[in-house]
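Number of protein chains: 2
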Amino acid sequence: MPALLLIALFASLLGLAYAAFNFFSVKKLDEGTDQMREIASAIRVGANAFIRYEYKVLFAVVLVVAAVLALLVSWQTACCFLIGAVMSSAAGWIGMRIATYANVRVANAARLTVRIGSTLKVAFRGGSVMGLCVGGCALLGLVLVYLIFGLGMGLLQPESLVSHKNWLGIDVIPFTMCLSGYALGCSVIAMFNRIGGGIYTKAADMGADLVGKTEARIPEDDPRNPATIADNVGDNVGDVAGLGSDLLESYVGAISAASILAVHLSFTAHASGAGMTDTLLNRLMLYPVLFSAAGLIACVIGILSLLSRKTLENPHKALNLATYLSAGLTTLGGLAVTLLLFGGIDLSGAGFQAGVLSPWIGALIGIAAGIFIGAIAEFYTSAEFRPTRDLAEASLEGTALTITQGLALGMKSCMAPCLILGVGIIVAYYVSGLYGVAMAAVGMLSFVAATVSVDTYGPISDNAGGIAEMSKLDGKVREITDTLDSVGNTTAAIGKGFAIGSGALAALALMVSYLFSYNDPSTPLLLNLIDPITLAGAIIGGALPFLFSGMLIQAVSKAARKMVDEVRRQFRLFPGILDGTQKPDYKTCIEISSKGALGEMKLPAFLAILVPVAAGFLLGPEFVAGILIGSTISSIMLAILSGNAGGAWDNGKKHIESGAIEGHGKGSDAHAAAVVGDTVGDPLKDTVGPCLDIFIKIMSTVALVAVAVFDKYNLLDCILALLQ
Amino acid sequence: MPALLLIALFASLLGLAYAAFNFFSVKKLDEGTDQMREIASAIRVGANAFIRYEYKVLFAVVLVVAAVLALLVSWQTACCFLIGAVMSSAAGWIGMRIATYANVRVANAARLTVRIGSTLKVAFRGGSVMGLCVGGCALLGLVLVYLIFGLGMGLLQPESLVSHKNWLGIDVIPFTMCLSGYALGCSVIAMFNRIGGGIYTKAADMGADLVGKTEARIPEDDPRNPATIADNVGDNVGDVAGLGSDLLESYVGAISAASILAVHLSFTAHASGAGMTDTLLNRLMLYPVLFSAAGLIACVIGILSLLSRKTLENPHKALNLATYLSAGLTTLGGLAVTLLLFGGIDLSGAGFQAGVLSPWIGALIGIAAGIFIGAIAEFYTSAEFRPTRDLAEASLEGTALTITQGLALGMKSCMAPCLILGVGIIVAYYVSGLYGVAMAAVGMLSFVAATVSVDTYGPISDNAGGIAEMSKLDGKVREITDTLDSVGNTTAAIGKGFAIGSGALAALALMVSYLFSYNDPSTPLLLNLIDPITLAGAIIGGALPFLFSGMLIQAVSKAARKMVDEVRRQFRLFPGILDGTQKPDYKTCIEISSKGALGEMKLPAFLAILVPVAAGFLLGPEFVAGILIGSTISSIMLAILSGNAGGAWDNGKKHIESGAIEGHGKGSDAHAAAVVGDTVGDPLKDTVGPCLDIFIKIMSTVALVAVAVFDKYNLLDCILALLQ
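Sequence lines, in order, name chains A and B.
Position 549, counted from 1, in the first sequence is what the numbering used here calls 549; the numbers after and before it change by one each time, with no gaps.
Position 208, counted from 1, in the second sequence is what the numbering used here calls 208; the numbers after and before it change by one each time, with no gaps.
These aren't lab readings, by the way, just hints derived from the structure by calculation.
Built from N, CA and C at the ideal position, the CB exists for glycine as well.
Be a bit skeptical, because a hint or two may be false.
To be verified - Straight-line Cα separation of at most 16 angstroms, EDC-like style, residue types lysine to aspartate or glutamate; simulated pairs:
#1 K562/B - E397/A
#2 K558/A - D579/B
#3 K583/A - E38/A
#4 K213/B - E397/A
#5 K558/A - E397/B
As the list claims (entries may be wrong) - In silico contact screen, one side only, chain A against chain B (beta carbon under 7 angstroms); selected entries:
#6 T113
#7 S305
#8 I425
#9 P575
#10 I633
Chain A extracted, bound-state conformation (with noise of 0.2 angstroms):
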């Protein structure tokens, strides 16, 4: 075991090593003028405050999680715990300062070399920082895990490997526990981020587009708009280091599902008699970590490819095929593996229906899933199609239809990426079972350095064009970044669909693993939803997504009211703005933003955090599992038709600005309805839908942790007990 860990511990630092590499590479270039060094700066200086403002809330999160962990489960939890918040808050904090030096270099690029594959390679190579460092991160964390509190601790020991009961007489296993605790401790960073973020740039977007754009009519990225700066603080801040922490989430997430539910299907398989032999359950419990390993490889050898090229003309072509060789590759690496661990041993008690393929199989149903998932994203939010050119031609009638047509076609589409889940879901569990299904999940994010390197392109684009725009470069300059950007807007619907395929399926995984943890494993495992306890507890989880959802968009909106009257405050006070004699204040405008968004995440992260505790301590172990169920479903739904009807608005408003209609183009009416539909949009693609992904996801992480308490001492219980 300790030899076939080392090829994982050599994946992470090669990836890592890579990032690197990568981030120094981008950081030597130069940054260009002084006025264009200048805005960068603000733009850095700004993230970095809210970042640091952010990590002050999260220490002391974390701190208090960790000594409660400590406390009633383990201090190895505990542990885990921190290992993770430290690996996911790192990963987020590099990916965003690679972002913030980049942006003004990828501007730089394009302003010296005049050409967009030039460019377009500084601003992957300062994106491909942010995904090295989440799969490198992540593994690192995983590996740790699992040498000092697997092997060095002897938790992978088969007696380790069973339940115990801790000083307070609550039964835990010890290794599956680190595990949770490990996955825990990245879905709280995930949490905060992604809603801190999500906060943070929709408000300052929204603010700087209702004022700016509405009615002082100066286009975006002005740089008499006060609040263009704090606008492109949060492209790095919500895109960028929420994004990333996001996909690090899932990413083990699915690998610690994977791992634990190997544990669980061993006792299942005990109970049942078909024996598992400690070999095979080390080996499932293993593959996960190592074909993950196999995929970050994988990546690094993607993204080199692209990166090495001489010429690149056609950027979405180009990461396209850096994505799909990635996933080639992590396919190929994934059949290295298999037969590495499987090839050979006795796999009776796994379930496996396909031989020594099994999981593989699993693992490939995943990444399948997850390329059509993506492309289904792709249909519903670009102008190419159908669906998003209809709803630019909506706008032609008004805004009310606008709106209307928006919101049906994000209802409409979420019923093929579902039909997709299913399937796969079904495939995959009668070629290898439940571990099929987790395995699914673990492949699906398998390739995920590439896919955030993709997504972290676009945002330093973005960034790069607001940084042309502010700096009055040359037109051509910023005809080079909104080439690249547009093309980051279709990548990042793209991620957006694969986001929540993959946390589908990680939450689903999550829940086969927390519902094991309270079932008897000699009888058939239930979420029995005719149990009145588990319905009640799925018809509150389906309407949680909903009022977690409402509550960020209030919180939005709340603090882009507060940048709109800022906004209107300055151009009122100070006339000379508008016509650029008078230099705006955005330093004010950043900080309504930062507090905006401090002040504005608590309430919902706490939600997503305490709910399933409180649920559990309530009514117990059933009631909960019913609320994890019903607010995945809801949460899906939900994502997708966030994620695509907030794509198509934004892309049918560029499809009119690129003046496609006829006669109605840039300044028209329907460009007016368009722009509103985009406005409300942006909430929904960049803050609900994202958040979703983890909100399923940290309630299954917290359940499965807490479970182990609840299931012992819940009220419900205790009523009961009363009662006979």
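Place chain B on chain A using the hints.
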């Protein structure tokens, strides 16, 4: 037993007799001036024409379904299906007919008496015809099914209440299939009435508003607007006929589900060894019918109490009083029925925890839950409370924030009703088992005659206002009808909360019967969502209501756009219309709405009917069970969101129009933003929300009828059999 059924027969005939009395009392009132007569006649002719077309489509659908039922299940089931279809279409037709007589007479009463009390009485008397017909027709049909197919054909004999093979070798329980068939008949009519009416009314309304209010800036119901008569026709076919069939279907669904459940509970009781006497089984089957009969008699008294009062100055209070009186008398009457049926007989095997009163407590929980859910809807949608006021204030910040805030309000409003449903389900279950949950649904709907009367009075008053405006009556007349209409808006919101709450419980009760239909009675009832087939079903089922809603919204906006084109065409070709020198062509607009609704209603209606059947033949009963629970959860949320967001936008706009926000009254930018919000909300609250109520019930009812066939024949079983 026959004697007990006579009570129900008496109640239904009493209700229908009182409905007939009110019908003719209203009809013999004077219609007013020639102009009023002419306009009313145009509305009546338009409404009748639409219903005639719609019923032609329905006739074909009903014949086909009846033939299929006769062939695959039994001819008795087909007959009961036809009885259901006749009762439901009769109730919708009579209610709509009286509404088109009452509207002009309400306007005339206001004109002659200039008093709110006497005007209210005419409107409520008209509305009560619909309410009493819903209760009376539904109950009459049930009694016929019980008398003819139960007692008459001996299907209520113990030997008929177990599974028999029909000529195709399919297992059916003869009498429960009759009940399911009856419920299905009501469902199919309700589905088409709701969808057709919902598309018609909102296409006309949106079309009228989009050009009239937004472009030509003429007030609502202005006779210069060519779409204005179509808009008034829409109120009758959508808000009257559609609503009536909808609640009739919920009512029948809840009663049948409880009766069918009783049969399955007897199997479980026998399998568990507890046993159940034939007397108890018969009483459990009759109880929901008699409880509803008590409710109908209570409603007759409640309605009478309002209509016989001398002075009536506060319409809101008077209507609430009538409803609460009906609900209160229902609980008393229900208590008498409970003691009559269950007093002194052997209750073992029924799973009652609180003795003879157990099922009554279950029903009481339903009544209480219904009232709470209605109050929550009022809280979120009335301008007397914070949420709607905040929404109105958001309009000051422009259109985008109006939409965003409305969505957030709708999303947040999902939690409270779901908490009540959850708690209600748990308590009802612990008091009287699954039968208690089914009785909660019956309880919530038992005073449906009163709630539908109150709900129907709203559109009648709305129409009266339209007629007053178009016939240029005195401003005071319009003031009276406006007051009645605004009360109607609040009662409509409460009614919507009620409809979705009761619909959800009825759907769950039907689902329980569905699960019993294929589960082995000797094992615990299961809806195991961790089974991959069921889980896939739940995810796909969760997406279905979103697909369905998206289709409905697009159907409405497609029809509305055609209306917009026509109104614009008339304004362009006949410029005299706007200055009042030319008469617009109302008829073409009515035809456009009719054709649009008839054309667009088919696809969503067939989706609802065919999906459970197709899914069942593909992947068997567990898959359909997953679809049912997934779509029920999603539908509850979407329906609450739609109803409350739409209601709040509507009343937020009215709040602004009332001048409550200083400096931002009618004609201001804030008002324009609020009008967009209202237009976006229209198809949500009046098409999507109401149609979803039926969507979940019709899917459960179809599944309940079809499961006998697809449990035996489905593709999955074939494949699994081949693989072995």
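Honestly, which of those hints from before does the structure not fit?
-> Checked against the structure, the hints that fail are numbers 2, 6, 7 and 9, while the rest are satisfied.
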